[in-house]
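K.L.:
Residues per chain are reported as follows:
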Amino acid sequence: MTIALSRRAFVRAGLTAAGGLAVAALVPGFAAAAIASGEPWGSDAAFGPEVGPFVVVGPDNSITLRIAKAEMGQGVLTALAMILAEELMCDASKVRVEYASAHRNLVDGNVYQSMGTGGSSSVRRSRVFLQQAGASARERLIAAAAAQWGAAAEACVASGGVVRHEASGRAATYGELAGAAARITLPTEPAIKTPDRFALIGSPLKRFDTPLKATGAARFGIDVKLPGMAYAAVANCPVFGGRLRSCDASKVTARRGVLAVLPVTNGVAVAADNFWRAKEALAALPIDWDFGPAASTDSAQFRAEYRAALDGPLADGGGHGDIAAALASPGKRVEALYEVPYLAHAPMEPLNATAHWTADRIDVWMGTQFPEQAIQLAAQAGGVDPAKVTVHNCYLGGGFGRRAVNDELTQAVEISKALGRPAKVVWTREEDIRSDRYRPQAALRMRAALNGDGAPAGFEFTTAVGSITRSLGWGKVENGVERQAVEGLANCPYRAGALKVLVNLRNTHVPVMFWRSVGSSQNAFALESFIDEVAHAAGRDPVEYRRALLADRPDFLAVLDALAERSGWGKPLPKDVGRGIAIHESFGTIVGEVAEVSVRSGEVKVERVVACVDCGHLVNPLTAAMQIESAVLYGLTAALFGEITIRDGRVEQGNFDSYPIARMADAPRIETHFVLSGGDKWGGLGEPGTPPIAPAIANAIFALTGKRIRALPLKNAALGA
Amino acid sequence: MAAFIVNGRRTTLDVEADMPLLWALRDELALVGTKFGCGAGLCGACTVVIDGEAVRSCQTPVGAVEGKTVLTIEGLGESGLHAVQKAWIEADAPQCGYCQSGQIMAAFALLAGNPNPTDADIDDGMTNICRCGTYPRMRAAIHRAAALIKT
Ligand code: FES
Ligand code: FES
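As they're listed, the protein sequences go chains H and E.
In terms of this note's numbering, the first sequence opens at residue 990 and continues consecutively.
In terms of this note's numbering, the second sequence opens at residue 14 and continues consecutively.
It should be emphasised that the hints constitute simulated quantities derived from the structure, not laboratory data.
Values in this document were obtained by computation on a predicted structure and should not be read as measured data.
Be a bit skeptical, because a hint or two may be false.
Claimed, not checked - Cut-off 30 Å, straight-line C-alpha distance, at most; resulting in silico cross-link-like pairs (DSSO-like, lysine-lysine): (1) E:Lys81 with H:Lys1268; (2) H:Lys1182 with H:Lys1240; (3) H:Lys1182 with H:Lys1670; (4) H:Lys1214 with E:Lys81; (5) H:Lys1560 with H:Lys1696; (6) H:Lys1670 with H:Lys1564.
What the hints assert, rightly or not - One side of the interface only, derived from the structure: several residues of chain H facing chain E at Cβ under 7 Å: (7) Gly1205; (8) Leu1248; (9) Glu1338; (10) Phe1645; (11) Ala1700.
Just so it is clear, CB atoms sit at the ideal spot from N, CA and C, and this is done for glycine as well.
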């Protein structure tokens, strides 16, 4: 059977299945009738005049704002729409949002700039040009009105989706003007609003996607269903770098619903007419793997290797002053070794992708953080020109970095091509955890030489860690150092006579990648635990000591002081509760956190977290606070439980029993306060809340028990009964 | 062959009796609001309500549902948003949203059995995983839903 598949046909199918496409928000304010579709991918078809690539105005005055970033829970659809609407002065109740097309970006000169979503960069890197796009659209609508009325543009005012000429009392809606506005080129681009003139940016706004997510109407990649689609389950080679030798398909092809057994990149797939049938058949499939050269490695060996790697060869990761002299000085020395394991991302939605391959076109439905890269992957796997690939991005059931590289997509295209019909690949949770690209394992040796007064004469930080650049094959490592390895260390904010960062990039066969907050996830744990150790060695209070070392960083000091006050630093606590602090800058944002932690019968419970945040400015305070809460819990899970270990070359964990995630009962009270410095600073928010939580918890445990946690996760620490 | 009621509709399915209800709902009935998270009874993304009880549908074979009444997220709000959904929206609970159908169904069943849950009851009753860490807001939403149901 061949299927003529248009996007429209799929939308019809989606309609029957979903019982409605769009759910209007039912909450007051701008979002009162702003709409996000359950199926957020943008349209290929023209459905109204475009006033620039981000703004489409319908004849009914509807405004479609195109969002060139992926919604994975961080509220980007709402925040970026706010930025556009701030300048556009449209009727907010007529706004709908959809994803911009990555295909369009490819064939139309990068009109959406980078569509990758990561590095806490969506607002930081898009705000200016989105404001510009909104302002430009507004001025073109005004120019169209002015031309129509023979009036001066300066005499016309736009607001609420209407352009008015006060002197003559004339008015026209954006819908009426859009056709003419679309043809207008402005002689000069208008200036964008400065923050003191923001009306929308900076005020809390309900997210557009919430009603969809409270009703089950938001479509994730895994929910996609195409006519004639095959469902595929995949076994990836259990040892990275191994390969499929053979499998005995005859054992499973007669099972109900099974369509085919196919080799795919990294493994083998079973396709069937229902995912469960595919998965069960795959489990029954005898597979012969060639595990390759890494099949005898394990975590104990890696741990020893990373420790040994601290002795060299070491590359220069930056610093200042004369560290050798500082370390040779007569004062007190503090030295400690910190270790962190590999971590899986484990987004709630297991990886999946749906592809429909034809000889001259590929359509992809999935949740991806990097649609441009997804286009390239699909094109390569399907042997089709990248310009003939369309990625229909869906809501992402969590990303955290994992969905930046879409290994599952390659497999979906291979299967669709082999079967000649649309195919959906779903990785089971076990595949998702065992075939991840992980937060690197690392060992860090931290050294401080103190002057007589306890102030640091020098810091030397040495890290042995996997290279993300090498693992992904994205670019080259220059001089043995990559930014991810030293972020948070090389820019250590604490004043010291000398600072030296040394690096040994060392990869095992385990692939590594970006994991929420990347290098800061391990470097903040080491640095902020170590500063705590140094403060104690100097006989000083951890807040007071940090304050002294941050004297020339007023931005840090503002956050630290707010945090000390809000958390009640120094106030008495119940006897089985300890308090710890950490502060760290990442992705342009400073976050300080105080954790109150109890240890009862050896059980660690984080009771309360106070976070103070300086990201400069806020677009949506509501989603900003949600991101801090989310980042705290993501880091808390890692601190308490997170650990991927290797045995016989393979990942030992496979599901949420062996890779536990914090649940309701583990969740602390979280209080978030924004301490905004304004100015030119627009910091990120998706990640910076994660780095401080592990050291804040570890420092609290030290305050309570006197035990210093130097290796994560905490579940491996013996904290007594 | 299995016959049961889904969201008020009589449904007959010609599938293996041991097919988990999760996959029957998603792949056979196109009710994809119910999610796959672990397939092992560990995360609750697949939670539906069967005869009033919150159940992990990935661990419930279709054969065991014979003659029973299944409520999914699609059915919960069919005739207007349920109080739990309204509270969820008011409290801004969802982030990525993937776990939320299961969370809402679990909260619905919790409140049906305990109209006035304490924080400790919520800790005990809400055991589904949310990787985005929406727990503080879901807790607030459950208290709010309890209040909404009473009025
Ligand atoms: S999918 Fe059923 S409990 Fe996780
Ligand atoms: S909202 Fe993302 S997993 Fe719960």
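K.L.:
Work down the list of hints and note, for each, if the structure agrees.
P.N.:
Results of checking the hints against the structure:
1. E:Lys81 with H:Lys1268: 26 Å, holds
2. H:Lys1182 with H:Lys1240: Violated: Lys1182 of chain H and Lys1240 of chain H sit about 67 Å apart, past 30 Å.
3. H:Lys1182 with H:Lys1670: 16 Å, holds
4. H:Lys1214 with E:Lys81: With Cα atoms ~27 Å apart, Lys1214 of chain H and Lys81 of chain E stay inside 30 Å; holds.
5. H:Lys1560 with H:Lys1696: 21 Å, holds
6. H:Lys1670 with H:Lys1564: 41 Å, violated
7. Gly1205: Since the shortest Cβ distance to chain E is 2 Å, the answer is holds.
8. Leu1248: Violated: closest Cβ of chain E sits about 14 Å from Leu1248 of chain H, beyond 7 Å.
9. Glu1338: Hint holds; Glu1338 of chain H Cβ to chain E Cβ min 5 Å, cut 7 Å.
10. Phe1645: Where the cut-off is 7 Å and the nearest Cβ of chain E is about 4 Å from Phe1645 of chain H, the hint holds.
11. Ala1700: With Cβ-Cβ at 24 Å, over 7 Å, it is violated.
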